[in-house]
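Position one of the sequence shown corresponds to residue 1 (UniProt numbering), numbered consecutively onward.
In case anyone wonders, no lab produced these hints; they're calculated from the structure. Don't take each hint at face value.
[Claimed, not checked] Below, a list of computed lysine-lysine pairs in the DSS-like style, where the Cα atoms sit at most 27 Å apart:
no., residue 1, residue 2
1, 146, 12
2, 179, 141
3, 155, 36
4, 92, 71
5, 12, 29
6, 155, 141
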Amino acid sequence: MNNDKPDLYHEKQRLQLCALHSLNSLFQKPLFNKQKLDSIVHEYDKSWCWNEYSTLFTGNYDLTIILDALKQQGYTLRAIDVNESLDIFHFKDCLGLLLNIPLERPFFDRLPLVRSWTKPGRHWFSIKSINGENYYNLDSKLSQPKLIGNETDLKQYLNTLNRTETYMYIVIDETMVEKFEQK
1 MNNDKPDLYH EKQRLQLCAL HSLNSLFQKP LFNKQKLDSI VHEYDKSWCW
51 NEYSTLFTGN YDLTIILDAL KQQGYTLRAI DVNESLDIFH FKDCLGLLLN
101 IPLERPFFDR LPLVRSWTKP GRHWFSIKSI NGENYYNLDS KLSQPKLIGN
151 ETDLKQYLNT LNRTETYMYI VIDETMVEKF EQK
């Protein structure tokens, strides 16, 4: 049995491209780039400088753009409601998880001009099981992927997050939507 650390694809944070990095980490290859995500943005809004789906030149893509990117690959998202128990989920049956957490920007958020031109600070990151056994935090702000552990460890980790401020999504194959329906 091979106990070596699996070969993990992990992108490091640049600009506000955390959604891009999260998508590529989920698929474990550089499937998307800024131009591809920007082209999805332009399907909704052709303006060159300001729209509600991303931030000028830097990324900061919203959920709509992520959903369309996933749909191109045959996947969708299932939101985990703040009141749902994580124990009802079998995460081994999904591609991974996407999380959106508040981002503290104490200096920038105090500047009225900056605050008026930027969206509230939030950050996307993904969690994925590479070998079907262990889950890894593939956050682009980390210098390298971080082992979370097995599915029980994953649920414990997710429960440490502030569920009212953290948006959790399960990335599932479109053919498995019924299996993950909210009850």
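For each hint, the structure was consulted:
A C-alpha spacing of about 13 Å is found between residue 146 and residue 12, which places the hinted pair at or below 27 Å, so the restraint holds. In summary, the hint linking residue 179 to residue 141 is not supported, as the alpha carbons are separated by about 32 Å, beyond the 27 Å threshold. Only pairs whose Cα atoms come within 27 Å are accepted, and residue 155 paired with residue 36 is rejected, the gap being roughly 33 Å. With a C-alpha separation of about 20 Å, the suggested pairing of residue 92 with residue 71 holds against the 27 Å cut-off.
At roughly 13 Å between alpha-carbon atoms, residue 12 and residue 29 fall within 27 Å of each other, so this suggested pair holds. A distance of roughly 21 Å separates the Cα atoms of residue 155 and residue 141; the hinted pair therefore holds under the 27 Å criterion.
The structure shown violates the earlier hints numbered 2 and 3.
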